[in-house]
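Student: Each chain is listed here by its residues.
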Amino acid sequence: MSHHDPSRTVDLLARLLGPAEPELTCEECFEELDRYVELELGGRDADATVPGMRPHLEGCPACREDHDSLAALLSAEPRTADA
Amino acid sequence: MLRTEIAPLAVSVGRSAMHDAAPSVDRSGADAESLGWLQALSGAGRRHDEAVEALHALLLRAARFEVARRGGGRSGDLDDLATQAADDALMAVMRKLHTYRGESRFTTWAYKFALLEAAVKVRRRAWHGREVPLEAEGWARLADRRHSPDADAESSELIAAVCDGIAGALTPHQRTVLVALTLDDIPIDVLADRLGTTRGALYKTLHDARRKLRARLSQDGLALESTMQGGRS
Chain R
6 MSHHDPSRTV DLLARLLGPA EPELTCEECF EELDRYVELE LGGRDADATV PGMRPHLEGC
66 PACREDHDSL AALLSAEPRT ADA
Chain P
5 MLRTEIAPLA VSVGRSAMHD AAPSVDRSGA DAESLGWLQA LSGAGRRHDE AVEALHALLL
65 RAARFEVARR GGGRSGDLDD LATQAADDAL MAVMRKLHTY RGESRFTTWA YKFALLEAAV
125 KVRRRAWHGR EVPLEAEGWA RLADRRHSPD ADAESSELIA AVCDGIAGAL TPHQRTVLVA
185 LTLDDIPIDV LADRLGTTRG ALYKTLHDAR RKLRARLSQD GLALESTMQG GRS
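Protein chains in written order, with this note's numbering: chain R, 6 to 88; chain P, 5 to 237.
Be a bit skeptical, because a hint or two may be false.
Chain P stretches covered by chain R per the calculated footprint, using a threshold of three residues with CB under 8 angstroms from any CB of chain R [to be verified]: (1) 59-73; (2) 211-218.
No more than 20 angstroms apart at the CA atoms, straight line, and that leaves these computed lysine to aspartate or glutamate pairs for DMTMM-like [to be verified]: (3) P:Lys208 - R:Glu63; (4) P:Lys100 - R:Glu33; (5) P:Lys216 - R:Asp16; (6) P:Lys100 - P:Asp156; (7) P:Lys208 - R:Glu36; (8) P:Lys208 - R:Glu32.
No lab work stands behind these hints: they were computed from the structure.
Each residue gets a CB set at the ideal place from its N, CA and C atoms; glycine is no exception.
Produce the complete structure using the sequences and hints provided.
Tutor: This is the structure:
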């Protein structure tokens, strides 16, 4: 019944230790979120344009949820593809 | 029904925030539609009121989207939650209007306020009346992971070092925040409410705690990244 899954322990450690790279604060993340998501959906290099965003989204579940929700909302709009 | 709710809101918004412009903001990259929103919302009269009403409708749609996305459904109670979120988001957007830089479409910029308000309200509602465990020593449970079947020798060594780091390098407050956010999965907004602080301040505490732990691991010649490669290969 029980099965070994080393990735579970690694995931736990990743949550505890957070991202290794420099990251934005929550306030800076919110400030840049709209631009970052539009760049991502437009197929552009969002990480190069907004340094520190990706590590923050990896380390902050609440900001990650905000990001995913905005991306999902825009993806549901037909005109997003034209941006 | 929407009109009767919004009309007084439009008037109060118009009085409180419309003159709060910041001419130094460069909006040269903004598209025509976004500038149209900005002009209408920054102006006065009927055009302004119609723009406020249209904006509220957009924010309400975004808030409902977020509530539904989080499994909230569309019952009357939850629709009230979405309406409250849209109302609060509208006030936030009007207050921050002068900070819009035109680096995304205006509607995208505005949506994020509605999504944030809705997400925070849903999380607070889910935790309403529930006990929020705050235990600075809760990290000791982590030590049990060393003997878990999921932990190989390398991650077991890393867990031991992390435990040492938590015990020796962190303050009690940092321990409490670290345990609550990363081991007990308490939403950061909920924890901020209970501790009387802000999401940003709590994340700073978490960030500082993580940095101390990483520094301690580095001193010991350990790194999560090498363990990750082993654990996920």
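Student: Between Lys208 of chain P and Glu63 of chain R, does the CA-CA distance stay at or below 20 angstroms?
Tutor: holds, 15 angstroms
Student: Has the given pair, Lys100 of chain P with Glu33 of chain R, been kept, meaning a C-alpha gap of at most 20 angstroms?
Tutor: The given pair, whose Cα atoms are some 15 angstroms apart, holds under the 20 angstroms limit.
Student: Decide if the proposed pair is consistent with the structure: Lys216 of chain P and Asp16 of chain R, CA atoms, cutoff 20 angstroms inclusive.
Tutor: Holds - the C-alpha atoms of Asp16 of chain R and Lys216 of chain P are around 19 angstroms apart, at most 20 angstroms.
Student: Do the alpha carbons of Lys208 of chain P and Glu36 of chain R lie within 20 angstroms of each other, as the hint requires?
Tutor: holds, 16 angstroms
Student: Counting residues of the stretch 59-73 of chain P whose CB is closer than 8 angstroms to a CB in chain R, do you get three or more?
Tutor: holds (count 4)
Student: Given the hinted pair Lys100 of chain P and Asp156 of chain P, is their Cα-Cα distance within 20 angstroms?
Tutor: Not satisfied, since the Cα-Cα distance of roughly 50 angstroms exceeds 20 angstroms.
Student: Under a C-beta cut-off of less than 8 angstroms, do 3 or more residues of the stretch 211-218 of chain P approach chain R closely enough to confirm the stated coverage?
Tutor: holds (count 4)
Student: Take a quick look at whether Lys208 of chain P and Glu32 of chain R sit within 20 angstroms of each other, Cα to Cα.
Tutor: With Cα atoms ~11 angstroms apart, Lys208 of chain P and Glu32 of chain R stay inside 20 angstroms; holds.
The structure fails to meet hint 6 from the earlier list, while all remaining hints are met.
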